[in-house]
Structures are given as structure tokens and as C-alpha cells.
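Quick mapping for you: the protein sequence lines, in order, are chains F, L and C.
So for the first sequence, my numbering puts the first residue at 1; every next one is plus one.
So for the second sequence, my numbering puts the first residue at 1; every next one is plus one.
So for the third sequence, my numbering puts the first residue at 1; every next one is plus one.
I should point out that these hints are in silico values taken from the structure, not numbers from a laboratory.
Among the hints, erroneous ones may be present.
To be verified - Below, simulated DSS-like cross-link-like pairs (lysine-lysine); rule was C-alpha separation at most 27 Å, straight line:
| # | chain 1 | residue 1 | chain 2 | residue 2 |
| --- | --- | --- | --- | --- |
| 1 | L | Lys-515 | L | Lys-570 |
| 2 | F | Lys-81 | C | Lys-24 |
| 3 | C | Lys-24 | L | Lys-506 |
| 4 | F | Lys-81 | C | Lys-135 |
| 5 | F | Lys-59 | C | Lys-112 |
| 6 | L | Lys-115 | F | Lys-91 |
| 7 | L | Lys-333 | F | Lys-113 |
| 8 | F | Lys-31 | L | Lys-570 |
| 9 | F | Lys-31 | L | Lys-517 |
| 10 | F | Lys-113 | L | Lys-266 |
| 11 | F | Lys-69 | L | Lys-392 |
| 12 | F | Lys-31 | L | Lys-115 |
| 13 | L | Lys-392 | L | Lys-200 |
| 14 | L | Lys-26 | L | Lys-154 |
| 15 | F | Lys-88 | L | Lys-382 |
| 16 | F | Lys-31 | C | Lys-112 |
| 17 | L | Lys-382 | L | Lys-410 |
What the hints assert, rightly or not - To list a few chain L residues with every Cβ distance to chain F over 10 Å, as calculated:
| # | residue |
| --- | --- |
| 18 | Gly-134 |
| 19 | Ile-321 |
| 20 | Leu-352 |
What the hints assert, rightly or not - One-sided excerpt, in silico: chain C residues whose CB lies under 10 Å from chain L:
| # | residue |
| --- | --- |
| 21 | Ile-2 |
| 22 | Phe-46 |
| 23 | Trp-120 |
Backbone N, C-alpha and C define an ideal beta-carbon position, used for all residues, glycine too.
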Amino acid sequence: MKILKFPVILIFFYSLIFSNANSSSQNEITKNLRCLICQGQSVYDSDSEFANSLKIVVKQKLDEGLTEKQIYNFLEDRYGKWILYDPKFDKNTYFLWLLPILLFLIGGAIIFKLFIIKKN
Amino acid sequence: MASLLGSYSLFFGLCCSFFIFFYSLKDFNVYNKLDKKILSFTFLQFFFVVVSFICLVLSFINSDFSNATVFNHSHTTKPLFYKVSGTWGNHEGSLLLWLLVLTLFILLFLIKSSKQPKKYIILTLLFQQIIIIGFFVFLLKTSNPFSHIFPVPKEGLGLNPILQDPALAIHPPILYLGYVGSSIIFSSALAATTLNYISKEWAKDIKNWVLISWIFLTLGILLGSIWAYYELGWGGFWFWDPVENVSLMPWLALTTLLHCILVLEKRLILTSWAVILSIATFTLSMSGTFLVRSGILNSVHTFANDPQRGLFILIFLFSLIFMSLFIFLFFHKVENKNTNPFFWLSKETSILINNWFMMYFLSVILIGTIYPIFLEVLSSEKISVGPPFYNKLIIPFLVPFLFAMMVGPKLKWIKSDLQNKFHLVLFLIISFFLSIFIVSKLDINFLNNTILFTASFYLFFGSLRDLIINKFKNLSQGIAHFGFSLLILSILLNSIFSTEVITNLKIGETFQSEKFKIKFEKVDYKNEQNFQAIIGKFEIENIDGNSLTLKPELRIYNQPNIVTSEADIKTNLYSDKFITMNMVQNQDYFNIRYQIKPYMIWIWISVLLISFGGLHSLFRKKI
Amino acid sequence: MIFFIFYRGLQNSNIYTPTIQNEKSIPNFNAKVFETDKIINSTQIFEKEKFYLLNIWASWCVPCRDEHSYLIELSNKKNLKIIGLNYKDDVKKAKNFLEELSNPYNTIITDKNGTIAVEWGAYGVPETFLIYNRKIVKKIIGPLNQSSLLEIEGLVK
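Start from the sequences and build out the full structure, keeping to the hints where you can.
Right under this line is the structure:
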């Protein structure tokens, strides 16, 4: 088990490097929003009336000095979680975020075990 | 008339299955060559499906609206080319195409693998027939392409205009060749497990099928991506849309299997793993069909949804999974572990690591795609899982994957040392400084982009060197790996250097930016066979004096009445210039989106290289 | 188990409508008044402890024509004020629309670029909100009909 701790910590720090990317432009934010009336497109990609209004709203909110997170909260409050392409890490999404990583570790453990057996 | 013939020949095709079953079982324990009757009936079945397919094509060409499928998806003013491609541009027709490929492939398998043990051939045929019967019943029961309507309508409803496109006309057949090819892998893996025939010979036999479906799947995904790039009109080529994901999942499984089969062929280890992958590949193709056709997912690509169809595929899919699990657990014999030892630094290990990462990527995509469905059923909470999720979970893992891919191919079987350590270190240093040089100039996150760039340059240089040095040794792998490194690198450069302008312009107005000027000169109107076009003329003047003319279009289709926006793209080796225009509600200006997308063409070229690597491997075998 | 989940998933509709969290406070915003172009704050429109009906409409929106008769019927109610939010519309066409079908609104504010509708959490036209004491009591997506009319009349007492 001890051996497992090391890669876990490594992965944790490593993913920190990649997760602190903060986007603060209108384009970046609207890319992460789902256009509600055109199923399966982002607000950024869509030219529907709704998407165009939302682009303006995001820009206004940025000008008012809101952070990316605050804008997401503002929209989630009005339209629900469905609008966010980047699901938040909460009790509903623990499995979504952690299961792949868990599978990765299990896979690594299996391969690792294979060598231990071979060596002995 | 054609409809009637098509309908009957479908029925006869189904009957052939029963004859095949009968003769196969009769012939199974007889020790001699394969009964000729089996081959004839397989051919007959293929023939009937061909006849029925041709009938459907003819109905489309003649605009025979007494046929419900034709009525729903065609129109008299549609150009001939799209009348034909409309045959498989809909649910019923595309299933018939599935069936056509299924029967064609099993026929080819019987001819190609005739030197294999008879029992193995017969069992493969039987498993394949189970799938074929499933599809026959599905087609006849829930989605008959030949259902009749009376009274006969005068005009059809037309094909969705965004599907009226050359790339999309050939995209489905090619993708299906890939999907269906995996059915042969599935059947033969099951047959081989049942007979305990998982051997080097089996690996050799099945490797060609893996290659064939892999090549077609790669090309199919490429075509779909190219289509999305210029037709959906916002300049992206991959959206992590559920429908794209379901085509990528079998591709990942197939790629993993391809590497795994190589080990199996050489060393006869990882047999259970190969069988699991063979089953997974086809299962994923089928689940893809289920997810897309049942309408359970939200996606830009939609087929006519009918829960009854979804239910049928669901039951069929789960019986196939159940059957294969049963066979795997009861018949599969685990290989003797001690006979085939391998050292940690060896080709086997590197392929294992490849498989490990591939499976991780696959699980990210699988979980991301189906998790919202589960969550909604279990807690009635609706969430979206989109590009940020996949980027966050995939990109960090891509880096070690690229490093492993750089080192892996240099290793030898069983036990190996790293030779030529010098160039490994040298390349790493070069890539690192090159990345710092590029990234430091840009206003982007320094640390993670440098790491990403270093890894991709490293693989790029490494695979380029391999390609040049090992000219004749393992050229296919060299090409494919080089293609992959080029793909990663061009995607990276493309995403970082893309620039975009979105603005509203009236006719005659000019948009001015630091680097270029966009002048909206005029619009022309043109009447085509089934649409009216509004063609804008834009003059782009760069600061260095170069100028080019772009003519994006708005098309107003008559049947169905839909407006589409056609991008105009000027491509060269360095970048794509991409422009679209859109109408705005109640305004006299147009919404213009102009994008410069660097190295776009290299993304397509690199995917072509990857599949060419596969093609080379396929034909090298035969010589 | 998985089979069952997929089976249930099949029966779910995949058209998304945001769920209404009842008793939500109305947003605070500034808007132009339709007739006079004066800027007005939302607190000036919506007074405390009174019923309001906010209706998002546009002259180019076809279902808005269908629901108009219900709005006129509601405008006869004494203790309910109807506020129109004119969504991405041309002023002339909007005026023609009201002349043709008569004007049920006590106040009309304009939303030229659709941002106010977003503040409300609306995503299309028409949408209607019933407001009491600066809280959203009821939200109706799409055109009003006989049953939603009765429901509103039941709530406004």
C-alpha cells in the first residue's frame, strides 16, 4: 500500500499544475457554457438569439469585475447545472471525476503486480 | 416494385441464416473440409442483402415516395449524388448498410481464412450469424426501410441540408466498415476462446481484420471531423460531442488491441487481455449505435428517435455482452504464467504501458459520456459534461504517454537496454528549449504549456529520427507514430495560435484590426437546384499587403426549409483562413466570424499518415 | 442494473427546461422604458407586496400572438399589473403589433440585446413570470394557455 501513496501524491501535484489555468476572457467562458436551445452546442459556437445575448451578458459581467467563478454561479443560479460544460466537483460528481483516476491507479497496480511476481 | 423486391429479399436473407446454422451444426464434427453449402448460403445471404440495398438506392434515385424512408428523407429537386447518399443518411438505410457490410465481411472471412482450422471457421461464422440475425430482426421489426405509404405523397420531406455534403456522403459507409469490421474480431475471438485456439496463428489471422477496421475507423472519424470543421461553421474540428465520443471509444479500444495483438503474435502473452479487448471493441461499437440511435443523448447529430428501437438494441447489446462474458469465463484458460517471463525494460512493458494509458483515456470518455445519463436516472439531476472535463482529465496524462511513446518503440522484446542514450537526452534538451522559446513569447500559462510542448516536440523529433533511420525496419509503425506526434503537435499549435474576430458588418463596411482589414464588399444572390444562396464577398487585407477574397454563403434550402451557413476557407500549408456569415434577427447587418487557424491542414495530413501506417502494415504482410 | 438505468434513461425526455426554484428574488437591473426611452430601475417597477406579471414578448415571435388574448384578459384584473419586456425587437414593428392586437401592458421596458431576459433566467420568447413581493412565484415557459391563465388567476387573490 505504501508504494501506492507515492504515485497518488505525484498525480495530485501534477494535476495541480494543470488545473490552475484560469480563463478570464469572454470566449473562454462562453466555450464552457451550453447553449440551452440548441442542444449540443456551446454558447460560443452558437449563433442563436439566446447564445448571442449570453455572450453580451458574460462580457458585461466581466466588465463589472466579476470573476469566472462568479459568472458561472450567476448562470447556474438561473439556468441550473445543465448550462455548465465543466461539472463542479460536488457530491453528484465525485464518481465522474474520481472513477477514471481510480481506474488508472488500479491499472497501474495490476501492471506493477505483474512485475513483482515475475521478479520473485 | 423495387420496395417489394427489397423487402422480400431481406426476408430471404434472414432465411439463409437458418440454413447456414443448420449446415454448420451438421458439418461441425465431420472431419474434412468445409461444406461447400455453407459458403454458398453465406454468399446467397450477401447477395440478397445487396439486392435489397440496390432496391433502396433505386427507390431513392427514382424518388419513389410510396416508400416511407424515401418520403421522409428525399426530395425530387435534390441532386442525384445526394439522392444516392441519402440512402444511408437515415436510420433505416444506414442499418441496411450495416447489414450489407456484416454479410460482406463474413463472406470475405470465409474466403480469406480458409486455411484455419475448420471448427474455428464454423464457430466464427455462427457467432457472426447471431449478430446478423439480430440486425435482420431489428431491421424488419422496428425499422423496415421498405415500409409502404398509401396514398402515395407527391413530394418528399427532403434531407437535412447540413447532411448534403460530399464528405458526409461517404463518411457513414467508411465508419461502418470500421465498426462492422470489429464484429469479425468479436466473433473470431469468441470462437477462438471456445476452442482454446488463442495462439500465434490466431493472432496473425485476426491482425488483418484489426488493421482493416482500424484504418476505416480512423478515416471515418477523420471525414466526420473535416465535415464538422467546414460545415458546422465555427471552425472547430472536435467538440467532445457524445456522438464523436462514441466513435472515438471503439477507436481507442481497437488501437489498444492492435498493439496487444502484436505482443500476442510474437510472444503469446496477454491472451486474456486480447480477448477482453476484442469483445470490448465490438461492444463499444454497438453501444455507440445504441446511444446514438435511441436518442438517449443530447447531441448535434440526431437521428429520428424511437424508444422502441433503443430498447431493442439495448436488449440485443446486453445479450451479446452476457453471451461473451459467459464464454469468456467458462471456456477461457489462463496461460501458464511462468513460461513467458519478461523484463521490466522491454517492448512488452512499453506496450503494456501504452495499453494502460489508452484504457485510461477510454474510461475518461466512457464515463464522461454516460455519467449524465446515470445521474439523471438516479438523482434526476441534469448535468453537462463537456470539453473542459475531457481536457482536464486527458491532457495531464498525455504528457507521460508521449514520453512513453518516445521510448517504447526503441526497446527490444523480452529484455532490452536503452542504446543511444545520447540522442534521447539531446532531443529532450532541444525540445525543452524550443518549447520555452515558443511559450515565453505568448500570454499563456507558462508551466503546463512548456511541459506539453516539450513532450510533443520530444516525440516529434524522436519519431522523425526513427522514421529516417529505420528505413525498412518497421516502416508502418514509424509512419503511424510520426503521424501521431504530428497530430498532437499541430493540434497544440493550432489551439494556441488561432485568432478570431467576431463582428457585425453592413454591406460596404470595413473592420480594422492591428493585423488585417476585413472589407464587406457586396452580396450576390443565386438560385440553385434546391436552395437559394446569398453569397457575401469579403476582401481581407493583411498588414503586409497581401490580400485575399473570401466568399461565404448563406443557403436557404427549399425542402426542408432551413438556412445553413457555408464557410469559405482558404487553405495553405501554414494556416487556414476561415470566414462565415450569419443573419441577425431584425437587423440589416450580418454577423461575421473570421478566423485564422494555423497548421489546420497538418491535422488532416497527420491522421492520413496514421492510417497510411496501418495500410502499409496490411499490405506488407501479403508481399 | 446498468440495463435498468439505460432503460429508464430511454424514457426520460432529453429536452431540457430549467427547473424553477420558487420564491426566488427578482433580479435588480436598469432598463429603458419603451415609450419614453427613460432609464428605470427594477425596484421602481416592482413594488413590495403587490402582484406583477412579467411577460417577455416580441413582434417577430409567432406564439406571442397566440397568447396575447390571455394577457388582455388578465389585464382586466385590478390587483395585477402586467409588465412587458420587449425582447430584441424593432420599435416600429412592436408598436404596430400593439396597435393591431391592443396593449395589455401597464409598463413596457425594452431589452434590445436580450441581457435583461438572461438576468431573469429566460431563454426564449415568450416567457411569463408571476411576481409577488419581489419574488418569483410562478414561471411559464412558452405561450400562455387556458390552464395557465386559470392558475395565475387562482394565485392572484
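Right, here's what the structure says about each hint:
| no. | hint | result |
| --- | --- | --- |
| 1 | Lys-515(L) - Lys-570(L) | holds, 18 Å |
| 2 | Lys-81(F) - Lys-24(C) | holds, 17 Å |
| 3 | Lys-24(C) - Lys-506(L) | violated, 42 Å |
| 4 | Lys-81(F) - Lys-135(C) | holds, 22 Å |
| 5 | Lys-59(F) - Lys-112(C) | holds, 16 Å |
| 6 | Lys-115(L) - Lys-91(F) | violated, 57 Å |
| 7 | Lys-333(L) - Lys-113(F) | holds, 20 Å |
| 8 | Lys-31(F) - Lys-570(L) | holds, 25 Å |
| 9 | Lys-31(F) - Lys-517(L) | holds, 26 Å |
| 10 | Lys-113(F) - Lys-266(L) | holds, 23 Å |
| 11 | Lys-69(F) - Lys-392(L) | holds, 17 Å |
| 12 | Lys-31(F) - Lys-115(L) | violated, 55 Å |
| 13 | Lys-392(L) - Lys-200(L) | violated, 39 Å |
| 14 | Lys-26(L) - Lys-154(L) | violated, 52 Å |
| 15 | Lys-88(F) - Lys-382(L) | holds, 12 Å |
| 16 | Lys-31(F) - Lys-112(C) | holds, 24 Å |
| 17 | Lys-382(L) - Lys-410(L) | violated, 47 Å |
| 18 | Gly-134 | holds, 29 Å |
| 19 | Ile-321 | holds, 19 Å |
| 20 | Leu-352 | violated, 6 Å |
| 21 | Ile-2 | holds, 8 Å |
| 22 | Phe-46 | violated, 28 Å |
| 23 | Trp-120 | violated, 19 Å |
Checked against the numbered hints above, the structure violates hints 3, 6, 12, 13, 14, 17, 20, 22, 23; every other hint is satisfied.
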